[in-house]
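Taking the hints into account, I'd like the entire structure generated from these sequences.
Here are the chains, one letter per residue:
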Amino acid sequence: MSSVVTLPDVTAIRAQFPILSEKVHGRDLVFLDSAASAQKPVAVIDAMSDVMRTQYANIHRGLHWMSERTTEAYEAVRGKVAGFLGAPSREEIIFTRNSTEAINLVAYSFGSLLKLGQAVLVSAMEHHANLVPWQMLRDRSGIDLRIIPITENGDLDYDALEQMLGAGDVALVAVTHMSNVIGGMVDARRVADLAHASGAKVLFDGSQAVVHRKVDVQQIDADFYTFTGHKLYGPTGIGVLWARRELLEAMPPFMGGGDMISTVTFEKSTWAPVPHKFEAGTPAIVETIGLGAAIDWVESIGFDAITAHEKQLVDHAARVLPEVPGLRVIGNPEDRGGVFSFVMKDIHPHDMATLLDRNGVAIRAGHHCAEPLMQHLGLTATARASFAIYTTEAEVDALVSALIRIRDFFV
Amino acid sequence: MSSVVTLPDVTAIRAQFPILSEKVHGRDLVFLDSAASAQKPVAVIDAMSDVMRTQYANIHRGLHWMSERTTEAYEAVRGKVAGFLGAPSREEIIFTRNSTEAINLVAYSFGSLLKLGQAVLVSAMEHHANLVPWQMLRDRSGIDLRIIPITENGDLDYDALEQMLGAGDVALVAVTHMSNVIGGMVDARRVADLAHASGAKVLFDGSQAVVHRKVDVQQIDADFYTFTGHKLYGPTGIGVLWARRELLEAMPPFMGGGDMISTVTFEKSTWAPVPHKFEAGTPAIVETIGLGAAIDWVESIGFDAITAHEKQLVDHAARVLPEVPGLRVIGNPEDRGGVFSFVMKDIHPHDMATLLDRNGVAIRAGHHCAEPLMQHLGLTATARASFAIYTTEAEVDALVSALIRIRDFFV
Amino acid sequence: MEVEDLYNSMIVSRSRAPEFSGVVADETNHAEGNNPLCGDRVRLTLRCEDGLIAEAAHQTRGCAICIASADILAEAVAGQAVRNALQMADQFVLMFENEDAGGVLPGNLQIFLPLRQHRARIRCATLPWIALKEALAHDAE
Amino acid sequence: MEVEDLYNSMIVSRSRAPEFSGVVADETNHAEGNNPLCGDRVRLTLRCEDGLIAEAAHQTRGCAICIASADILAEAVAGQAVRNALQMADQFVLMFENEDAGGVLPGNLQIFLPLRQHRARIRCATLPWIALKEALAHDAE
Ligand SMILES: Cc1ncc(COP(=O)(O)O)c(C=O)c1O
Ligand SMILES: Cc1ncc(COP(=O)(O)O)c(C=O)c1O
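Chains as they are written, first to last, in my numbering: chain A, 1 to 411; chain S, 412 to 822; chain W, 823 to 963; chain F, 964 to 1104.
Hints are computed from structural coordinates only; laboratory data are not their basis.
Heads up, the beta-carbon is just placed ideally off N, CA and C, and yes, glycines get one too.
Check each hint, because a few of them may be wrong.
What the hints assert, rightly or not - Computed cross-link-like contacts, SDA-like style, restricted to lysine to any residue with a CA-CA straight-line distance of at most 25 Å: (1) W:955 <-> W:945; (2) S:756 <-> W:929; (3) S:679 <-> A:113.
As the list claims (entries may be wrong) - Output of the computed footprint for chain A on chain S, the stretches with three or more beta carbons under 8 Å from beta carbons of chain A: (4) 447–460; (5) 535–541; (6) 571–580.
And the structure:
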């Protein structure tokens, strides 16, 4: 079965991102740091301004027009996110600040249900967001934390995972759906099947994955899924936790306060039904509405087009990056999203980043919040170029030629 | 010592709030629900759009221009907030989603240092945000939670507080700095002196207070202070915890993830210095910058003018509200911020709210996230009108005449 | 003043002086409806005989809309077959989503329709009907 | 290409082939500087005699700026009074905040000044100097 996918009109798309016409050090901005945070289309910026200009009040419980309309706009985004993730119910969508908070929520709340002797598995390529909360849980509650290795190519080691699950004491497998350093997609369905076969639940950190691929939490049979708005062309300050309803219902609340209660007396409080049980206090109302605009915008382009465009960029980069003498790409995953980490002989990644910036090219250099992976790779830092829907082949070429000039200058 | 304070030019101020020219049910919007959330001036809306249009990237660790500039803009707000609160150091300012998260952070982190047999005191007029987290801590860790009564007038009962502190086992007194229902200011310095005399720390929930009065955490000798951006004419999704440095340094982190670590290995992580230890993951970057704009804006008006304007409104409302037959104002605090709760004979607050809305007047009706206070007052709900810097006497009059007409219709 | 278009005079009068408040004698069915958010509480009692609702009464604490709705409910269901009453309950709830659904209802139930513009208040009107469904849950089988 | 204006050729050459890398014989003072954020690490050894720094050397793992800065430091402080060296360290750190502060420094220390436009990299240049201050902390008293 093959189908023709029209590539998106990247020129038209770029015109929707005001920041892409900015200059940096007098040069055109070539923004290859979208995996850290994506730029925002006018649709998102305007959605946020419009709320604050014409239709804003605190939500829930308000009996006046502004409050009712704002509540509707906020709650409508829950439905959008459910659709975006293929979740069976909008009530399984919980709004958090970011992916980090979503994972911490699970570590505190679901974590409090785990018992001494049970184990949580994370992979060797996790972002700190999906490692440190589990270390903190381990230190709080005495559960065991174990590390699933990765292969030479930088893929998850599924055989090792299967073996580790054999121990029979694993309560949760928490892994990234796409590495923010190596760029490889994880076969989520395979992880879920292995985990479920041994009675463990699975959490996927989808912070990178949702930007690059259509995700369907039912298709991959996930139990928990998290992502973060600012990487998906949406606002900062808003993230998402999806979880199966029965899990959410069994879990105690994370934070206490307004809106998450059913009734309160001095002696005792009872909790609101999900999802509200997990949303204490005034939420990021404007940012949630902005996230809704981002999802609408992404879906208007469509994941077929997004993935096709990305594949073209990834193939191109895989061809031209090795033209830089002394450059080594880290990892060679089966299925790469639009992220390349690399190092260069005799040039430190930080020097690369600064000198590229001098040429208008923004990349990231460092440990990418994945220090343990760096130690595993025997590196202190890498340079990372990451692609978005607004990235062009010409920008990849600009990166490559700037790297070649830096190399000539340095060596 | 007396000085002449110029009242602010409210007409000019109103012109800076686009939403105030909106119509509701064909009527001019009279927005008297600012204690739930304030409207936003263009200065705030534009500051947020401008970041996203011209100067945005993820912060910290970024070595390129956009990241460095955005980091500077974000970190500059820490200094602004420190100035706003009179805090001795910008490093004592921690950004959270809202006041609720700030209090939960303290309840989790400082709370984990409390020992069985120690007690936390909260008042009978707390918002759920400053009650439920302590109930959850009590249920988790077995500390004692006790309620400081309020007087007939709706002020904190300082004598009772002094007596309760006599028990000698109180670790923390956590009280609101201004009631969101009754409107009364709490004499924070008096609470701090009493608490400190018996070795307890004090936390003030400043969510309402910072909007109405100049707050100086050193002058009131606070240990913890919280507020929330959206009530201070700022964005949603951003709040603040201030605490003394030595407390922050002794406290374990709340959430784990990127940016809050110093080093991470699979076995063990070490924490970044304060404030970063408490800011896991990508923060609400744009919203923090928006909060900075809100603080600049508020300070450009100045608290002398704000307080003078508010006093005029409060005096006016105290005069005209009783003109409504059957209306009873709840509480008569010593020092009232711009908040009035009231009930009417034979008319339920929800009916008031809906019928006022029909006339363009937005007020709040319900338990105002203070159910225990409602029980104490023997009510299920009140109506609440709250004032902001953009509120006019004419709007208070519009409320009063609408209430009189509703009364005529109903009775 | 635009009160009349929203609060029909019957809502005002029946909330001020409900005609079916209290408890029916020899009750066969009852249920309680609670809205913790606004504190509305309805206690509904019914006497059912041979698949008919012979009599209904309510004790309601709450806003005008909730009291009037409970009172008009008690009037409307008296003498109705249980099956019909349950259908009315469904139609009543539905009419706030879909205006046409209200068409089959007696006129004095349609006076709540303007609440469509005040969605947060709809549950005040529907609470008694939800209690009715609960009270009749076993009779319906 | 605007590399030269930022990375002076001396930075490039001294980072590629440092002239003072290693450990001094008969070291009297040493300190280590670490930047966990980027993994830069400097180990500085000194031999001080009669209030003078007789010799300095460094072992540096890190970026070009950090290596070059450590190497130029080792050259610049050799033969200096401890007091002078500490003053140089203060001036060096200060010049990134206040351009004039750099004026009193030898020219080869001023080549780092363009980093003012790349604030995140300033700590790469200052790390060796902070290590120097620590190494001399006791001699200064
Ligand atoms: C006194 C008081 N405390 C806490 C809060 C909670 O603020 P937020 O919902 O922004 O966390 C509020 C506002 O709702 C309040 O009025
Ligand atoms: C794989 C992965 N997980 C988690 C995160 C954390 O996202 P956030 O900082 O928005 O919580 C990131 C991004 O930094 C990421 O790349």
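Verification of the hints:
1. Straight-line distance between C-alpha atoms of residue 955 of chain W and residue 945 of chain W comes to about 14 Å, which keeps the hinted pair within the 25 Å bound.
2. Between residue 756 of chain S and residue 929 of chain W, the direct Cα distance comes to roughly 30 Å. Violation of the 25 Å bound is thereby established for this hinted pair.
3. A hinted pair counts as satisfied when its Cα atoms are at most 25 Å apart, and residue 679 of chain S with residue 113 of chain A qualifies at roughly 23 Å.
4. Check on the stretch 447–460 of chain S: 8 of its residues sit with their Cβ under 8 Å from a Cβ of chain A, so the three-residue criterion for coverage holds.
5. For the stretch 535–541 of chain S, the stated coverage by chain A is satisfied: 4 residues place a CB nearer than 8 Å to a CB of that chain, which reaches the threshold of 3.
6. Note: the stretch 571–580 of chain S has 0 residues with beta-carbon separation from chain A under 8 Å; the three-residue rule is not met and the coverage is violated.
Checked against the numbered hints above, the structure violates hints 2 and 6; every other hint is satisfied.
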